[in-house]
Amino acid sequence: MKRKRIWKKIKKANIIKSCLKALNSFRQIAPIFFGLILLISFSLAVIPDSFYRKIFTGNNFLDVILGALFGSVAAGNAITSYIIGGELVERGVSIIAVTAFILTWVTVGLVQLPAEILMLGKKFAISRNIVSFFMAITVAILTILTLSFI
Amino acid sequence: MRKFFKKLKPKWIFFGIVSSLYIVLLFLNFSLFRDALEQFARLLRQVLPVFGIVFIFMVLSDLLFKTKKIIKFLGEKSGITGWIVVVIGGVLSMGPIYAWYPLLSDLKEKGMKDSLVATFLYNRAIKPALLPMMIYYFGLPFAIVLSFYMIIFSVINGILVGRFAKIK
Numbered sequence: 001m002k003r004k005r006i007w008k009k010i011k012k013a014n015i016i017k018s019c020l021k022a023l024n025s026f027r028q029i030a031p032i033f034f035g036l037i038l039l040i041s042f043s044l045a046v047i048p049d050s051f052y053r054k055i056f057t058g059n060n061f062l063d064v065i066l067g068a069l070f071g072s073v074a075a076g077n078a079i080t081s082y083i084i085g086g087e088l089v090e091r092g093v094s095i096i097a098v099t100a101f102i103l104t105w106v107t108v109g110l111v112q113l114p115a116e117i118l119m120l121g122k123k124f125a126i127s128r129n130i131v132s133f134f135m136a137i138t139v140a141i142l143t144i145l146t147l148s149f150i
Numbered sequence: 151m152r153k154f155f156k157k158l159k160p161k162w163i164f165f166g167i168v169s170s171l172y173i174v175l176l177f178l179n180f181s182l183f184r185d186a187l188e189q190f191a192r193l194l195r196q197v198l199p200v201f202g203i204v205f206i207f208m209v210l211s212d213l214l215f216k217t218k219k220i221i222k223f224l225g226e227k228s229g230i231t232g233w234i235v236v237v238i239g240g241v242l243s244m245g246p247i248y249a250w251y252p253l254l255s256d257l258k259e260k261g262m263k264d265s266l267v268a269t270f271l272y273n274r275a276i277k278p279a280l281l282p283m284m285i286y287y288f289g290l291p292f293a294i295v296l297s298f299y300m301i302i303f304s305v306i307n308g309i310l311v312g313r314f315a316k317i318k
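These protein sequences, in sequence, are chains Y and Z.
If you read the first sequence in our numbering, its first letter stands for residue 1, the second for the next number, and so on.
If you read the second sequence in our numbering, its first letter stands for residue 151, the second for the next number, and so on.
Do not take every clue at face value.
To be verified - To give an idea of the interface, some chain Y residues facing chain Z are shown, with a C-beta separation under 10 Å as derived from the structure: (1) Ser25; (2) Pro31; (3) Leu62; (4) Ile65; (5) Ile102.
As the list claims (entries may be wrong) - Computed list of lysine to any residue pairs in SDA-like fashion (alpha-carbon distance at most 25 Å, straight line): (6) Y:Lys21 to Z:Ile173; (7) Y:Lys21 to Z:Lys161; (8) Z:Lys258 to Y:Arg27; (9) Z:Lys258 to Z:Val200; (10) Z:Lys159 to Y:Val89; (11) Y:Lys122 to Z:Phe298; (12) Z:Lys222 to Y:Gly121; (13) Y:Lys21 to Z:Phe314.
What the hints assert, rightly or not - Which chain Y residues stay away from chain Z? Per the calculated CB distances, all over 10 Å, these: (14) Phe26; (15) Ile55; (16) Asn59; (17) Leu69; (18) Val73; (19) Ser94; (20) Val131.
None of these hints come from the bench; they were simulated from the model.
We put the beta carbon where it would ideally sit given N, CA and C, even for glycine.
So that you can see chain Y by itself, here it is in the shape it has in the complex:
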């Protein structure tokens, strides 16, 4: 019954019109999208994965901030952050720093920021990235504190 109602609704509406509308949205964002992918590819080529292994100092407080900072600048798949994070832990980098690193890797995007500003608004994009940065440090500390009680 419900399915029939939905189908009726879709039939009534103009499917082609909606497709054209969506296509137009993609056409509008094409320069931002291709520009963004070019920028991410550039950063991936210029900054090798090995770079992240060299940046930590051994000081827990400084490392958590460094982890969050470098995770914010980095771009790429979340899996890459897990692999780098796993290696960092094995090399003795504190788990808090690694957690902050993998969190900002996914939630903060300095490389994506210009595209986010253009598509979702300047105030929104900037405040979202700043809040996510500090939240990553908070979540990293809370996660490790909680794990220490388990």
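Chain Z: place on chain Y using the hints.
Structure of chain Z alone, referenced to chain Y:
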């Protein structure tokens, strides 16, 4: 010349700047230029299927959810329903974060509130498909505790961003 730049939209300026970065790289370091282009092709192959899904969502949302409905579920007075929709949507959505910008921008124009957009984006950090990988590297307790905090803090993140975005 000045008039030309004034007429040029920011999105084309952005594209122009990034493209010129590649032109500079082509002359300065060809192997790095080739690496960057290889990364570009790889990323494109990764993102295009996700764009297909986003396209289907955009068509369906246009067909099924008119502005009034979006305002009801994701607008200022959406209440707890809005939060639940974006938390689940954010967790289930796949692909890179920027592939979802067009849909979110579309929904935002139709009345989706800033805090819900931010919560959706924050929850993209939790991916059920990637959990085995996280468990392998950091252990099950870490994955559970982190995912739990991420969901809770996604809502706090949304509330804060919503407030900051309103400040004039």
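Now the hints, each set against the structure:
Here the hint on Y:Ser25 is kept, as its CB sits about 5 Å from the closest CB of chain Z, short of 10 Å. At a threshold of 10 Å, the smallest CB-CB gap from Y:Pro31 to chain Z is about 4 Å, leaving the interface hint in force. Proximity of Y:Leu62 to chain Z is violated relative to the hint, the smallest CB-CB distance being about 22 Å (cut-off 10 Å). For Y:Ile65, the interface hint is violated, the least distance from its beta-carbon to any beta-carbon of chain Z being 18 Å, above 10 Å.
Because the smallest distance between the Cβ of Y:Ile102 and any Cβ of chain Z comes to about 8 Å, under 10 Å, the interface hint for this residue holds. For the hint linking Y:Lys21 to Z:Ile173, the alpha-carbon distance of about 34 Å lies beyond 25 Å, and the restraint is violated. The straight-line distance between the Cα atoms of Y:Lys21 and Z:Lys161 is roughly 19 Å, inside the 25 Å bound, and the hint therefore holds. Pair hint Z:Lys258 plus Y:Arg27 holds up; C-alpha atoms about 18 Å apart against a cutoff of 25 Å.
Taking the CA atoms of Z:Lys258 and Z:Val200, the gap is near 20 Å; set against the 25 Å cutoff, the hint holds. For the hint pairing Z:Lys159 with Y:Val89, the CA-to-CA distance comes to about 45 Å; that exceeds 25 Å, so the pair is violated. About 30 Å separates the Cα atoms of Y:Lys122 and Z:Phe298, which puts this hinted pair outside 25 Å; it is violated. As the CA atoms of Z:Lys222 and Y:Gly121 are separated by approximately 22 Å, the hinted pair is consistent with the 25 Å bound.
Of the pairs offered as hints, the one joining Y:Lys21 and Z:Phe314 is violated, with about 31 Å between alpha carbons and a cut-off of 25 Å exceeded. For Y:Phe26, the requirement that its beta carbon stay farther than 10 Å from each beta carbon of chain Z is not met, with the minimum near 6 Å. Against the 10 Å criterion, Y:Ile55 stays outside the reach of chain Z, whose nearest CB is about 19 Å from its own CB. The Cβ of Y:Asn59 sits about 22 Å from the closest Cβ of chain Z, beyond the 10 Å cut-off, so the non-interface label holds.
No Cβ of chain Z comes within 10 Å of the Cβ of Y:Leu69; the nearest lies about 17 Å off, and the non-interface call holds. With 10 Å as the threshold on Cβ separation, the claim that Y:Val73 sits away from chain Z holds: the shortest Cβ distance comes to roughly 15 Å. Separation of Y:Ser94 from chain Z is adequate, the least Cβ-Cβ distance of about 13 Å exceeding the 10 Å criterion. Listed as outside the interface, Y:Val131 is inconsistent with that label: its C-beta sits roughly 5 Å from the nearest C-beta of chain Z, within the 10 Å cut-off.
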